[in-house]
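Peer 1: Protein sequence lines, in the order shown, are assigned to chains A and B. With the first letter of the first sequence counted as 1, position 245 gets the number 245 in the working numbering; the numbers rise by one all the way through. With the first letter of the second sequence counted as 1, position 97 gets the number 97 in the working numbering; the numbers rise by one all the way through.
Just so you know, these hints were derived from the structure itself, not from any lab. This one's a predicted model, so the numbers in the text were calculated from it and none came from an experiment. Each hint should be verified, as a subset may be incorrect.
Since the list gives no way to pick one copy over another, a pair counts as held whenever it fits inside one copy or between any two copies.
To be verified - Mimicking DMTMM-like on lysine to aspartate or glutamate, the simulated pairs with C-alpha atoms at most 25 Å apart in a straight line are: (1) K33 x D61; (2) K125 x E152; (3) K302 x D326; (4) K302 x D51.
Protein chains: 2
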Amino acid sequence: MTAPLADLSPADLATFLSDRQAAYAELQGKGLKLDLTRGKPSSEQLDLSNDLLHLPTGVLDRSGADVRNYGGLEGLAELREIFAELLWVEKDQVLCGGNSSLSVMHQVITFLLLWGGPGSTRPWKDEPVVKFVCPVPGYDRHFTMLADFGIEMLSVPMRDDGPDVDAVRALVEKDPAVKGMWIVPTHANPTGAVCSQDVAAELMSMPSAAPDFRIFWDNAYAFHHLTEEEAKSADALSLAVAAGNPDRPIVFASTSKITFAGAGVAVLAASKANTAWYLQHLAMASIGPDKVNHLRHVEFFKDADGLRAHMRRHRQIIAPKFQAVDAALSAELDGLGIATWSKPTGGYFVNLDVLDGTATRVVQLAKDAGISLTPAGSAFPHGQDPDDRNIRLAPTFPSLADVETAMAGVATCVALAAAEKLSSTAG
Amino acid sequence: MTAPLADLSPADLATFLSDRQAAYAELQGKGLKLDLTRGKPSSEQLDLSNDLLHLPTGVLDRSGADVRNYGGLEGLAELREIFAELLWVEKDQVLCGGNSSLSVMHQVITFLLLWGGPGSTRPWKDEPVVKFVCPVPGYDRHFTMLADFGIEMLSVPMRDDGPDVDAVRALVEKDPAVKGMWIVPTHANPTGAVCSQDVAAELMSMPSAAPDFRIFWDNAYAFHHLTEEEAKSADALSLAVAAGNPDRPIVFASTSKITFAGAGVAVLAASKANTAWYLQHLAMASIGPDKVNHLRHVEFFKDADGLRAHMRRHRQIIAPKFQAVDAALSAELDGLGIATWSKPTGGYFVNLDVLDGTATRVVQLAKDAGISLTPAGSAFPHGQDPDDRNIRLAPTFPSLADVETAMAGVATCVALAAAEKLSSTAG
Numbered sequence: 001m002t003a004p005l006a007d008l009s010p011a012d013l014a015t016f017l018s019d020r021q022a023a024y025a026e027l028q029g030k031g032l033k034l035d036l037t038r039g040k041p042s043s044e045q046l047d048l049s050n051d052l053l054h055l056p057t058g059v060l061d062r063s064g065a066d067v068r069n070y071g072g073l074e075g076l077a078e079l080r081e082i083f084a085e086l087l088w089v090e091k092d093q094v095l096c097g098g099n100s101s102l103s104v105m106h107q108v109i110t111f112l113l114l115w116g117g118p119g120s121t122r123p124w125k126d127e128p129v130v131k132f133v134c135p136v137p138g139y140d141r142h143f144t145m146l147a148d149f150g151i152e153m154l155s156v157p158m159r160d161d162g163p164d165v166d167a168v169r170a171l172v173e174k175d176p177a178v179k180g181m182w183i184v185p186t187h188a189n190p191t192g193a194v195c196s197q198d199v200a201a202e203l204m205s206m207p208s209a210a211p212d213f214r215i216f217w218d219n220a221y222a223f224h225h226l227t228e229e230e231a232k233s234a235d236a237l238s239l240a241v242a243a244g245n246p247d248r249p250i251v252f253a254s255t256s257k258i259t260f261a262g263a264g265v266a267v268l269a270a271s272k273a274n275t276a277w278y279l280q281h282l283a284m285a286s287i288g289p290d291k292v293n294h295l296r297h298v299e300f301f302k303d304a305d306g307l308r309a310h311m312r313r314h315r316q317i318i319a320p321k322f323q324a325v326d327a328a329l330s331a332e333l334d335g336l337g338i339a340t341w342s343k344p345t346g347g348y349f350v351n352l353d354v355l356d357g358t359a360t361r362v363v364q365l366a367k368d369a370g371i372s373l374t375p376a377g378s379a380f381p382h383g384q385d386p387d388d389r390n391i392r393l394a395p396t397f398p399s400l401a402d403v404e405t406a407m408a409g410v411a412t413c414v415a416l417a418a419a420e421k422l423s424s425t426a427g
Numbered sequence: 001m002t003a004p005l006a007d008l009s010p011a012d013l014a015t016f017l018s019d020r021q022a023a024y025a026e027l028q029g030k031g032l033k034l035d036l037t038r039g040k041p042s043s044e045q046l047d048l049s050n051d052l053l054h055l056p057t058g059v060l061d062r063s064g065a066d067v068r069n070y071g072g073l074e075g076l077a078e079l080r081e082i083f084a085e086l087l088w089v090e091k092d093q094v095l096c097g098g099n100s101s102l103s104v105m106h107q108v109i110t111f112l113l114l115w116g117g118p119g120s121t122r123p124w125k126d127e128p129v130v131k132f133v134c135p136v137p138g139y140d141r142h143f144t145m146l147a148d149f150g151i152e153m154l155s156v157p158m159r160d161d162g163p164d165v166d167a168v169r170a171l172v173e174k175d176p177a178v179k180g181m182w183i184v185p186t187h188a189n190p191t192g193a194v195c196s197q198d199v200a201a202e203l204m205s206m207p208s209a210a211p212d213f214r215i216f217w218d219n220a221y222a223f224h225h226l227t228e229e230e231a232k233s234a235d236a237l238s239l240a241v242a243a244g245n246p247d248r249p250i251v252f253a254s255t256s257k258i259t260f261a262g263a264g265v266a267v268l269a270a271s272k273a274n275t276a277w278y279l280q281h282l283a284m285a286s287i288g289p290d291k292v293n294h295l296r297h298v299e300f301f302k303d304a305d306g307l308r309a310h311m312r313r314h315r316q317i318i319a320p321k322f323q324a325v326d327a328a329l330s331a332e333l334d335g336l337g338i339a340t341w342s343k344p345t346g347g348y349f350v351n352l353d354v355l356d357g358t359a360t361r362v363v364q365l366a367k368d369a370g371i372s373l374t375p376a377g378s379a380f381p382h383g384q385d386p387d388d389r390n391i392r393l394a395p396t397f398p399s400l401a402d403v404e405t406a407m408a409g410v411a412t413c414v415a416l417a418a419a420e421k422l423s424s425t426a427g
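Looking at chain A on its own, in the form it has when it is part of the complex (with noise of 0.2 Å):
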């Protein structure tokens, strides 16, 4: 069946309807447990990284310091250094931290709220009201964060190549309570866009009401490719730089996809002025990071090159996950004209839309026949979707196999919402 289903006859529909309840019957039946909930490694890939279980194998750093003890607020040098030449910024513009970019960014928006940063004129927090620009579908722990800050959420869209640039131009230009943006520039969560050149140079750029505008740059997936070709992260800072607006963006990433998912490193980098004014409130917060955990990562990695390749190690393991999405998608929807979906070439999400109005019924039929989705709408500012249209895919914690099975069921879930909202709306 190719047709697409808007197109049926009444009567057909409801053939096509019957047939996927008794589809949807026979999936309960299985009494299935699957989670596609979160971006996580599997077992598999952390075990590529096992290595980290007995290093490092020295306590010194090549200064001679010892990673044992207190110091080294920005982190050790040799691993600032292999972060500096994966991101193409000096290495005195990188910092490594714990074991979380979220709590960095968490951090720098506390920041930001307590005291104001380069540019500021005071605190956020003594601003009457702060906006953040959300490009949507996006990563919900971003969002949730603003709506505990109280930070309130403009909303635009994400296409193919970033953020939609004039609508994000439209808010920025104009309003100076627009004191910040998100964006995951390479293989967003959850579009798996990839930001081109072009989008960013234009966000580097462009005006801003707000003279302490900034941009988090949360590269999360800038080496988690999925294909051969691997894609290139624009280079923010570079283009900031340019733009003669060096403060804008802030760069995040770490190895909490590439090691250990709660064992890894934290890398901030930022202009001069931002890594200074960080540093000196950090030093407030802490001594030091867990030099251990970086020394143990420097010697598991060795350079630049040695992370690459680590990275081509987790491809072949979740590479067949998405391509196992995709096939188990195509096979049930293809033609039917009632959901597209991502075909990403990185990152840990497969974005697929559903008919308007069918994400939440999805949602709950998968939940019912045993398989946990994101719930419908996670993607949006408080939770919101306005057209319910939008799932988050995540694929790589379960084996292969369990992919496979999950995704006919989930194909099983869009075929039977969608035919139940067009009965329902021809009804």
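Fit chain B to the supplied structure of chain A, relying on the hints for placement.
Peer 2: Quick look at chain B alone, frame taken from chain A:
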């Protein structure tokens, strides 16, 4: 010479001064380069924990969860249980985090500023002014943190059995702007005082004008004893519950001076209302702590007794250094009436009070002789010691021989500065 220096005749004082000038010239000739500034463990102490470098042997916690992956915001249950036993609290009141309890303290104050906590009528940032009670001398990083937050500091004297409770009560009882108080209850930094049960009970039960008054109970040296008889920490949380102020204390501890100073585990213990409040905001900033490091520590300690036994091995290394400090000061200064110093039963510091008005001079003299000391005044808010008499000595990091050499030099500087002062006053 055992007559008090102040009682000497002008001629004898002149002789004493010129003797000390000669001794100081000799000291300068030695070309020393010694550092007594910070409370850092020595390499020998760090070596005690080197088994951590090839742990953990497993990757699953006892519930079967993979410690390498995301999750478990409250920390590994096994580690929380060890600290629950050590701190005499329920496991679900204990949270284990990253490598720095200072970071957790900073975060707790940040959360209180941005959101307020249990009992708050509004976020602390919206108060006209926020004040903290600061027992002095105290921990310099506590004070610099408050200065950065713009929190006003109110000094109260530190006694041998803890803070001067009458002074604390007078501030807390009347002024609703007094929102918090620091205390290092056990083997205090820098005085070595141990807060008695009576003082602790009064701190937990005294009325407070602020409904959300918090005591930051930084029990950094809870297990860090220098004598066979081990000081018991007052049970702040139970005392607070008994007094009807369960949310008043927030207890901090860490393994920074137990295992690796830079790569240990921080601990927070508090009422269920406080831990729930903390986790609620922490969830926006983190997907979980480094559970690999948690398991590493569990495998290393095995249990609470394992930690206690480990601390006795530290004691064997550092107790002789504290004895050397006392011996050097006694040899040079006993009977002169120009200095008193603590004989701590635990912790990392010796508190040296020199002749009023000479601490800055002593630190300068020492520096010019190649002996680095913590800047005079560091143990007071804004670095201002009103009597210019307090010097914090940190003898753990250098070798025993270096401590002996450095402290003989410090004693010379103390005597010289006192003789200079008394001579100029006499003249």
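Peer 1: Taking the hints in turn, state whether each one holds.
Peer 2: Structure-based check of each hint:
| no. | hint | result |
| --- | --- | --- |
| 1 | K33 x D61 | between (46 Å within a copy, 22 Å between copies) |
| 2 | K125 x E152 | both (13 Å within a copy, 19 Å between copies) |
| 3 | K302 x D326 | neither (35 Å within a copy, 47 Å between copies) |
| 4 | K302 x D51 | both (13 Å within a copy, 23 Å between copies) |
Going down the numbered hints, you'll see the structure goes against just number 3.
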